[in-house]
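Now that you have both chains on their own, put them together as the hints suggest.
So the sequence lines, in the order shown, correspond to chains R and V.
Those letters in the first sequence? Residues 1 to 101, per this note's numbering, in order.
Those letters in the second sequence? Residues 1001 to 1503, per this note's numbering, in order.
These aren't lab readings, by the way, just hints derived from the structure by calculation.
You may find that some hints are simply not true.
Cut-off 35 Å, straight-line C-alpha distance, at most; resulting in silico cross-link-like pairs (DSBU-like, lysine-lysine) [said to hold, decoys possible]:
1) Lys1420(V) / Lys1273(V)
2) Lys1273(V) / Lys1068(V)
3) Lys1068(V) / Lys1268(V)
4) Lys68(R) / Lys1243(V)
5) Lys68(R) / Lys1068(V)
6) Lys1243(V) / Lys1366(V)
Since we're looking at a predicted model, the values are computed, not measured.
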Amino acid sequence: MTSPTSLTPDEVAHLAGLARMSLTDSELARYAGQLDQILHAVDRVGEVAADDVPPMSHPQPLVNVWRKDEVTPGLTAEQVLAGAPAAEDERFRVPRILDGE
Amino acid sequence: MNASADSMHLTSRTATELAAAIAAGDVSARQVTDAHLARIDAVDEGIHAFLHVDYDGARAQADAVDAKRAAGDTLGPLAGVPVALKDVFTQQGIPTTAGSRILEGWRPPYDSTVVTRLRNADCVILGKTNMDEFAMGSSTEHSGYGPTRNPWDTDRIPGGSGGGSAAAVAAFEAPLAIGTDTGGSIRQPASVTGTVGVKPTYGGVSRYGLIALASSLDQAGPCARTVLDAAHLHAALAGHDPKDSTSLDVAVPDVVSAARRADVRGMKVGLVKQLSGEGYQAGVSQRFDEAIEILRELGAEPVEVSCPNFEYALAAYYLILPSEASSNLARFDGMRFGIRVGDDGDANVEEVMSRTRAAGFGDEVKRRIMLGTYALSSGYYDAYYGQAQKVRTLIARDFDAAFNEVDVLVSPTAPTTAFKLGEKLDDPLAMYLNDVATIPVNLAGNAAMSLPIGLAPEDGLPVGLQIMAPSMADDRLYNVGAALETALTDRWGHLLIEEAPAL
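Bound-form chain V, shown alone (with noise of 0.2 Å):
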């Protein structure tokens, strides 16, 4: 086999089987690892995934995996699997600028849970991933280095705000991706790349290091191109961390063996009845509801469950998020990290703090910002921020009411496919409605996972459902989604993201 050929074989495989032929010694991590920079170096450039390459990094990570092998130390479960980290995470001397030009050239002392944990799995850290700047947006248009594409059609948008990080595992360019999802940055970007994304249970992974957006929804979680390979990135990020106070000390769900169990005879599927019909794209909804015949040739029972507080999602959420955005973005002030602009020495402190912020903030960012300085200011709280909490409060007890019902509950994760580039973005409310689906599980903040389950007739793009289940239930969404994606791939003959056109 020539060195092309091999290198291809790599990454097309799967984290699991990296993992065991590492593990067995049939291949080098730093094998491994240099065909996935190779594909980086030979792809990256027409879909623009990655806003940093630590090659030197990469290479030394994995040639200290392979050493540990060779010395007979204990690896971790996925030693010496690449992994590509969304921009939002600090990883200490790494350049990390969360898509915002106003922490260009920024460089972390110190390192976020979620790399300290990728570091105890063993894990080779890729590099950092486009996005939406500061997680804010759904197709990483607002990214302020430029969109990352979609593999599937380098016109369209790969999602957002983890754009980057779900094109990456499409494009093979890594077999595992960490997101983040506030609103569905996990999901929505999964859906129209034909990937699999999990939001976690609110606390089930440590936000330590993780760059805020809005601290009571923000959530991070695996991106991969399987279920059972989300699993292992699932329980290599989770768990208590005493460093964030929001992380909750209980026992982590065990989703491998969810995934590995994949049956769900007897189980109740709950049909979401505010998120179907009306908006949703006629080929999302084909294939939806032919998964949910699958489901049902499984053993499974759907039934339709109607969550009527979920209409008023959408609007809650563009108060509650702008509201804490505008808060935490406050210490983007051009004093401590980050550009400063305008210290001619005669200009104060608050018109310097003003002139970075102008500068160095994009449209989507500015535009959040004040939208949540209106809702949090005095005369208007009550009526905005303090009626979207109340509506949040109404959105958790239709999920609770829903749960009495059904094990796990089902939607489309978004309403179309991937939509071109520049299509929505002087639309800011266009924009928001792709969020339609996955935003209540924020709000409520429970687990969703999506899952690819065909290309829409009409377009040939790929189509993602979701599938949500109780706070600390997270297992549940790794068993439903393994067994939903064994039946499909057993119909296709392979994973759907190997109909991706070649790049």
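Only chain R is shown next, with the shape it has when bound in the complex (with noise of 0.2 Å):
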């Protein structure tokens, strides 16, 4: 069982940061307040005693399914790079990823 504590903005900024997104402190403190009310009713999972129930995480019980070995069409480069905001030489071009020196 848990009952979730408040939650900050602090706390939000921090959630927001691992998911890579920088929010304003407006948006932070909307969002403290509006997570934390959803929080508190979907800690209702926690009212159902389920110690021996297994945890469902597909509607099939469908195990290992693969396709044939064969070789099929795919994409060419160029059509790939044609929906990426920036390419170079065949490649995806991306903003630099080490800091400083």
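Quick look at the structure:
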């Protein structure tokens, strides 16, 4: 059982950071209240005594679905890069990965 | 007959009638397509069902059908019938946004399997329909491109997330549309627009090329104005696809024959106790009770059934869905497709990703991504995501027990008729409650339909009834739905949608 403590804007900022979204202060304040309200509502899942109940991740009992090991046509590099915000030398061009020197 | 009366005539016909008329040569596919494009031009400014209309592509597809027919080639079962496509499916070369600004301008390099199947059936794809961003919502107000309006009352919501598809069908802009249903996004829009919508069994229709919201819940299905039309589209879409590893490799239930059978004699119909009473609008409950009486008169046996864990379905859903969504939406990072914001040559990749996602995602998407991030974080995983998965098992068991007693289950599709635009926009929890009756089916993975059963006396707006069937017994939905539809249209003298105000 959990009982979520109230989310602070700082905690929401941490979540937003994990999810790679830079939010404004007014967004953080608003989401803190709303997420808190939603978390209290969904907390009801803890009311069901379910230690002996197996978790269900998926509606169909499918395991190890493989296709035949046959070559099928794929997309060309040109087709794939056509939708990219930036491309160079037949590759995606991305901002720098490392900071400083 | 003058040209405009003639095209009105074509847009008011069912898909089944149009397919027969085209096959018989009474009308060309091109005439049918032009009539629907003209209807879109005439009414869509006020409805905003479409995000993109593919005039040239649709006409070319229609001309190809006419050429095939002239050459004596075999035609698909829906040859020449126009279809509106929810903007969550990839269609090669056609703008595809999933209702999000983050994908603005993206043109996919490949077709989804749903599009491939539509092409194989010789359907004509008119364009892409509006939706809540990434299918998160019950009103289309969360679209990054502005809301769709309900053809019954343009101050009201058309439901969501597939409000564009439902409104296109209800406004006679298309006889058929494709939707996706993760928590009710086909059925709830059908309910509030007086149309028919079906969520097939999970795995019944391929998800290849469907931009994922929650992979274990998403399912594509048909939107139409009649049960038989929905059955024809369902049959065209369904079946195993090796490109989707969750696609079921089993025979597709014969939904078209079931819709033609329309015989409920001797069937046991379970009324779900937990999906009625408090929280349901008076006129919704009244029309529901009347529909049950009709089923009884037709020879079915209504019985009350208890599904005690349905009470926890909404809570489990709003943990499982955001968890899966937060993971699925990680791919929208501004690197490979869609927009990129703030790449000033100085900012590093993480900063650019964060700026892009902050600018490209709307309010509800940000909210659910953070909810999912929270539910999956260490320390909370077991109490939230883990516990929700156990509730999911209990809900599936409730369905199993119920289907040991009855052939189908029924409930109102949504607790209320269409509400006003803006009414629930600032209250996420109130918005989520619209899906209280539709969510259990998505969690368990079985099949369900919504069909219109009348207008609520207090507001004159459509009410939908939900029929739920076991996994891969989708045919039962069509049998029961068609029986009820026939009895109701006999009483009214026409389909309910014909009572919608002229646009």
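Tested hints:
Between the alpha carbons of Lys1420(V) and Lys1273(V) the distance comes to roughly 28 Å, so the proposed pair stays at or under 35 Å and holds. Of the supplied pair hints, the one linking Lys1273(V) and Lys1068(V) is violated, its CA atoms being roughly 52 Å apart against a limit of 35 Å. Restraint check for Lys1068(V) and Lys1268(V): the C-alpha separation of about 46 Å exceeds 35 Å, so the hint is violated. Note on Lys68(R) and Lys1243(V): the hinted pairing holds, with a Cα-Cα distance of about 11 Å set against a maximum of 35 Å.
Between Lys68(R) and Lys1068(V) the CA atoms are separated by roughly 34 Å; this keeps the pair inside 35 Å, and the hint holds. The suggested pairing of Lys1243(V) with Lys1366(V) holds, with an alpha-carbon distance near 30 Å, which does not exceed 35 Å.
Consistency note: the structure conflicts with the earlier hints numbered 2 and 3.
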